[in-house]
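Protein chains in written order, with the working numbering: chain F, -1 to 357; chain E, 194 to 558; chain P, 2 to 68.
Derived from the structure by calculation, the hints contain no laboratory data.
If you're wondering where the values come from, they're calculated on a predicted model, not measured in any experiment.
Every residue, glycine too, gets a C-beta built ideally from N, C-alpha and C.
Some hints here could point you the wrong way.
[As the list claims (entries may be wrong)] Straight-line C-alpha distance at most 20 Å; calculated PhoX-like pairs for lysine-lysine:
hint, chain 1, residue 1, chain 2, residue 2
1, E, 195, F, 153
2, E, 325, E, 299
3, F, 183, F, 327
4, P, 51, E, 325
5, F, 77, F, 151
6, F, 77, E, 325
7, F, 183, F, 326
8, F, 77, F, 183
[Said to hold, decoys possible] Chain E regions said to be covered by chain P (calculated; three or more residues, Cβ under 8 Å):
hint, stretch
9, 198 to 212
10, 241 to 251
11, 294 to 304
12, 310 to 321
13, 384 to 392
14, 434 to 444
[To be verified] Interface residues of chain E toward chain P, partial, derived using beta-carbon atoms under 10 Å:
hint, residue
15, 238
16, 346
17, 352
18, 404
19, 416
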Amino acid sequence: MSTKTHAEINFELSCPAPLAAKDTILLGHGSGGKLSAELIRDIFLPAFQNPVLARLDDQAIVNVNGQRLAISTDSFVVKPLFFPGGDIGSLAVHGTVNDLAMGGATPLFLSAGFIIEEGFAMEQLRRVVTSLQRAAAEAGVHVVTGDTKVVEKGKGDGLFISTTGIGVVPEGVDLSADRARPGDKVLLSGSIGDHGIAILAQREGLEFETQIQSDSAALHTLVAAMLGVTSTVTPEIRCMRDPTRGGVSSTLNEIAERSQVGIELVERSLPIHEQVRGACELLGLDPLYVANEGKLIAIVAPEAADAVLQAMRCHPLGAEAQIIGTVKKENAGLVTMRTPFGTTRIVDMLAGDQLPRIC
Amino acid sequence: MKYLDEYRDHRIARALAAEIVQRTTRPWVLMEICGGQTHTIMRYGIDELLPRGIELVHGPGCPVCVTPLETVDKAIALALRPDVILVSYGDMLRVPGSGSDLFRAKAQGADVRIAYSPTEAVKIARANPNRKVVFLAIGFETTAPANAMAAWQARREGLTNFCMLVSHVLVPPAIRALMVSQTNRVQGFIAPGHVCTVVGCKEYENLVRDFRIPIVVGGFEPVDILEAVLMLVRQLEAGEARLENQYVRSVSYEGNLPAQQIMAEVFEVADQKWRGIGPIPQSGLRLRGEYAAFDADRVFDLGEMTVDEPAECISAQVLQGLKKPTDCPAFGMRCTPENPLGAPMVSSEGACAAYYRYRRHKVAS
Amino acid sequence: MRAGRVQFGGIVRQVSLDFVPEAVLGDYVMVHVGFAISRVDADEAERTYKLLEEMGVLEAELPPAEP
Chain F
-1 MSTKTHAEIN FELSCPAPLA AKDTILLGHG SGGKLSAELI RDIFLPAFQN PVLARLDDQA
59 IVNVNGQRLA ISTDSFVVKP LFFPGGDIGS LAVHGTVNDL AMGGATPLFL SAGFIIEEGF
119 AMEQLRRVVT SLQRAAAEAG VHVVTGDTKV VEKGKGDGLF ISTTGIGVVP EGVDLSADRA
179 RPGDKVLLSG SIGDHGIAIL AQREGLEFET QIQSDSAALH TLVAAMLGVT STVTPEIRCM
239 RDPTRGGVSS TLNEIAERSQ VGIELVERSL PIHEQVRGAC ELLGLDPLYV ANEGKLIAIV
299 APEAADAVLQ AMRCHPLGAE AQIIGTVKKE NAGLVTMRTP FGTTRIVDML AGDQLPRIC
Chain E
194 MKYLDEYRDH RIARALAAEI VQRTTRPWVL MEICGGQTHT IMRYGIDELL PRGIELVHGP
254 GCPVCVTPLE TVDKAIALAL RPDVILVSYG DMLRVPGSGS DLFRAKAQGA DVRIAYSPTE
314 AVKIARANPN RKVVFLAIGF ETTAPANAMA AWQARREGLT NFCMLVSHVL VPPAIRALMV
374 SQTNRVQGFI APGHVCTVVG CKEYENLVRD FRIPIVVGGF EPVDILEAVL MLVRQLEAGE
434 ARLENQYVRS VSYEGNLPAQ QIMAEVFEVA DQKWRGIGPI PQSGLRLRGE YAAFDADRVF
494 DLGEMTVDEP AECISAQVLQ GLKKPTDCPA FGMRCTPENP LGAPMVSSEG ACAAYYRYRR
554 HKVAS
Chain P
2 MRAGRVQFGG IVRQVSLDFV PEAVLGDYVM VHVGFAISRV DADEAERTYK LLEEMGVLEA
62 ELPPAEP
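The following block holds chain F by itself, in its conformation from the complex:
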């Protein structure tokens, strides 16, 4: 080390000017976090102003001649197309069926639109379509209409699928993100992070002792089982959401915002599979932000929480269900978490994509 005496360092303040308002779409606008929410708020909502859309639930519930119908649409751009536990075809069914189910609807019909890149292998398309059909059959829904477009090579990244679903909402069911109240319990149907890590593992070539499977699944029968135990008092379940892109954190932040309540989680109660935890540690990711495709969160009145939890645990897709938190009056609009040390921290909304930390 140099032995000269150190002159006092002149601490210069050097800060970047804030970046101008966003003028192009970034990948982050699709990751289900703050940027996505901004995009919807700034571009889409003002254009399509109507009360149904304004609720910003996973599905739209409309009234047609006295019958309540749920409609939802979703697009699937997952890479790789095939992964442990599923593929873009089965995902395309599960994603939309689940969005309908989160409104309490019984899913009935799907449309499926395919945008295929020139040069895509016919055999791969067959595989995807077979998988899609199988998933639809298992879920008891029919693909009744569709569309196919082919784009030039280089303009399509293989295959994109878009599905729209219609379902029927039973009498007395009223699930919405603005209905959470202080005292309500937060229920989670099972382990988090499986899907996102399964995809990442495939992409990054991570090797696991036992392969991590995506949890992609249709949740409507689980939802029905849960609605079943609350009898005619279904308002006891305030809201259901499936934590897909952006993870449990984004979903709960949305609910906290829409209902203007605080949500306090208990870290110790979060179900996370050991391998997913390990993968997240290794990659510097937080499981609360990792996507799930076969899980749901339910906000339930305290007096019905145990009964609903039991109903979940009796269903194959809810065997690992847990009560993970409580809705509070304090810190409205924020999600906080009690650590095993008894201290509290915020579970912040993701801005864009979660970036892996190295340090």
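Fit chains E and P to the known structure of chain F by using the hints.
Positioned in the frame of chain F, the structure of chains E and P alone reads:
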């Protein structure tokens, strides 16, 4: 997971916290330097467990945050060239330069790729002989050996399409600069455990000697940090100033010799500018002359860029521990992780970002 | 170039062992950006951990704080 879970044991954590409370008879200001340690403190709420008399301030330990603006601008400029593949660690992608960031560059069509390891960057160069691969090699001493290996490998294989944009910072000169400053309040340091795993403890002994200040080399799990704080408090209460090693499962006095060897072979010490602080002499690393062919600065003839910006943020005072992020009038309002005004808000481990992410409810209520 | 397969909570990854030439099968290592930077001295770790554990045991005998 062994050697991880045990150091998150909440009973041990509470026991350590209780001991610290018992031992503390006077107020003390302690600084931890590593971004990973800041992250742990915020995430587990370690500061909430400490007695009010102990103030934990967060030093400039986030290499992402202190990467000079010029380097980010250079990376963006290179990334936008059609013949270049820019490879970087993930957390650099959102760091704002003067007008853009690597994420935006990617959106404009730049080929920007994330690597978890520098060897991936070399792999990309091998697989793309017709493109120039530029690896944004940042970090403290912890990352330097790995980055050095990439350069060494590339040179050994005679790769002609691989180079590195280097911005390495060294911790001890930064500590010196802080200690010498007239406004310094820090009375004890938690030295970064993984930096010392690589370079050993000798430099820190020099600091202890020169400034008569206790330094404890600490790990990254909550129990590690609490134990390190306890060790510092014990010394401070007894009027001692020694170097101690809390992170014995990873750190030895000499450090990692093969790692130091490759660092010395590939890098040499140089003056370095720290974003949010300014230039600190002999506080960085650059590639040696023999590696000129792998030095992006020389290969692309980027020249000297100086960027001046208006100062609104108080990052210099935050980085010195003079102010808390929450003392800043811009915190959480004009300055957020999405629109950072300064270095400590930029990376997820910068002090301001950590406070914003994990603690702003305290400000609100 | 010495590389090894390192297990991390159920995941196995290829990691460079260039900086820990003394590491053998069964050892625990600290990994940073794909490189092992130190080998855990199991005995030393055991010894220091035992002290911590004792503290924790004593602490656990007190009424617990809420979760």
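Against the structure, the hints:
1. 195/E with 153/F: violated (47 Å)
2. 325/E with 299/E: holds (16 Å)
3. 183/F with 327/F: Holds. Residue 183/F to residue 327/F sits at ~13 Å (cutoff 20 Å).
4. 51/P with 325/E: violated (52 Å)
5. 77/F with 151/F: holds (17 Å)
6. 77/F with 325/E: violated (26 Å)
7. 183/F with 326/F: holds (10 Å)
8. 77/F with 183/F: With a Cα-Cα distance of about 35 Å, the restraint between residue 77/F and residue 183/F is violated, given a limit of 20 Å.
9. 198 to 212: holds (count 9)
10. 241 to 251: violated (count 0)
11. 294 to 304: violated (count 0)
12. 310 to 321: Holds: 4 residues of the stretch 310 to 321 of chain E have a Cβ under 8 Å from chain P.
13. 384 to 392: It holds: at least three residues are needed, and the stretch 384 to 392 of chain E offers 3 whose Cβ sits within less than 8 Å of chain P.
14. 434 to 444: Result for this restraint: holds, n = 4.
15. 238: Where the cut-off is 10 Å and the nearest Cβ of chain P is about 12 Å from residue 238/E, the hint is violated.
16. 346: holds (8 Å)
17. 352: violated (15 Å)
18. 404: violated (27 Å)
19. 416: holds (6 Å)
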